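Peer 1: The hints should help you fit chain F onto chain V, whose structure is shown.
Chains V and F, in that order, are what the protein sequence lines are.
Under the numbering used here, the first residue of the first sequence carries the number 658, and numbering increases by one thereafter.
Under the numbering used here, the first residue of the second sequence carries the number 658, and numbering increases by one thereafter.
Misleading hints may appear alongside valid ones.
It does not matter which identical chain is used: a pair holds within one copy or between any two.
As a list, the in silico EDC-like pairs of lysine to aspartate or glutamate whose alpha-carbon atoms are at most 16 angstroms apart [what the hints assert, rightly or not]:
#1 K822 to E741
#2 K742 to D719
#3 K691 to D738
#4 K800 to E774
#5 K800 to D772
#6 K691 to D745
#7 K742 to E675
If you are wondering where the hints come from, they were derived from the structure by calculation, not from laboratory data.
Since the structure is predicted, the reported quantities are computational estimates derived from the model, not experimental observations.
There are 2 protein chains.
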Amino acid sequence: MQRASFADMECPIALALEEVGEGWTLLVLREAFKGARTFADFQQRLGVAPNTLAQRLRRLCDHGLLQRRRYQSNPPRANYDLTEKARDLLPVLLALGAWGTRWLLPAGPLLVPVDAETGRAMDLAVVDRRTSRPVRAGSVALKAGPAASRRLKTALRSPLVLGTKEKKR
Amino acid sequence: MQRASFADMECPIALALEEVGEGWTLLVLREAFKGARTFADFQQRLGVAPNTLAQRLRRLCDHGLLQRRRYQSNPPRANYDLTEKARDLLPVLLALGAWGTRWLLPAGPLLVPVDAETGRAMDLAVVDRRTSRPVRAGSVALKAGPAASRRLKTALRSPLVLGTKEKKR
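Here chain V stands alone, though its shape is the one from the complex (with noise of 0.2 angstroms):
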């Protein structure tokens, strides 16, 4: 991805992306957080050439996204363990699979997520922990942060609100 200007490597979402955007990397997870931990468990399900296997799974792991731990050594044979930098990513993940499911599955969801212990669907949403009001376009605006440079607190000195209703002009 080519990028504008250096405030775009700085953009967290950006950055994201890069780390777990790409399609492979993203299965990958997706039968971590579904169980597979051995090299066997994910070549079988995604049914994936060894080699580019080999490599998803070592850039999951230099971004310490999963943990490679041998339990035997002869023959080697390790699992993979999703880190806690991973399993922090679930919740955003089935965020967007909600979205996905109401805008890019016209005939209904295949899986539904419930919650693991009374087995109730769930309604998923993102919200502001201390109003506990869903985010929505229009209520979110964004402010300076403590790495923020000086020329832009200048020119943040107002919020900036996110996709605000444009005016018909």
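Peer 2: Same frame as chain V, now just chain F:
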């Protein structure tokens, strides 16, 4: 992205990332959320070649994420408005940004999401609105949905818990 099976084509996360996971697409959406509306707005903010930009805008319109609205015909001038489908994506992008900030920006955030009304910093989380509890790996399971095949329903007779902690072996 190469796909392993038909089921992957029905994965709403994979489908979603195909529409919005690509770098430039996301930067265009980001600028639209920040208020860019005209071709010139996007070009100036992204510093991108006109033909590349035109292509991205067309793609976003094709996917129903932006709506082109001509407001002058001679010379032709148009605005690009975020659709409801795109506006519904903002919470997910902010949740992804919060993850990226936690794990990928050690120096802290340049920008902080705040409540547009009160100006207070938001504490973003993905929750189950039925219980108000944050969604976490280990607390969510997948159940067969209405569009699931009989085979999938049989395979998922008991819900599959996502991201259960692996037992060391």
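Peer 1: Work down the list of hints and note, for each, if the structure agrees.
Peer 2: Now the hints, each set against the structure:
no.: 1; hint: K822 to E741; result: between (38 angstroms within a copy, 10 angstroms between copies)
no.: 2; hint: K742 to D719; result: within (12 angstroms within a copy, 34 angstroms between copies)
no.: 3; hint: K691 to D738; result: within (12 angstroms within a copy, 38 angstroms between copies)
no.: 4; hint: K800 to E774; result: between (38 angstroms within a copy, 13 angstroms between copies)
no.: 5; hint: K800 to D772; result: between (35 angstroms within a copy, 10 angstroms between copies)
no.: 6; hint: K691 to D745; result: within (15 angstroms within a copy, 27 angstroms between copies)
no.: 7; hint: K742 to E675; result: within (15 angstroms within a copy, 23 angstroms between copies)
Comparing the model with each numbered hint stated earlier shows that all of them hold.
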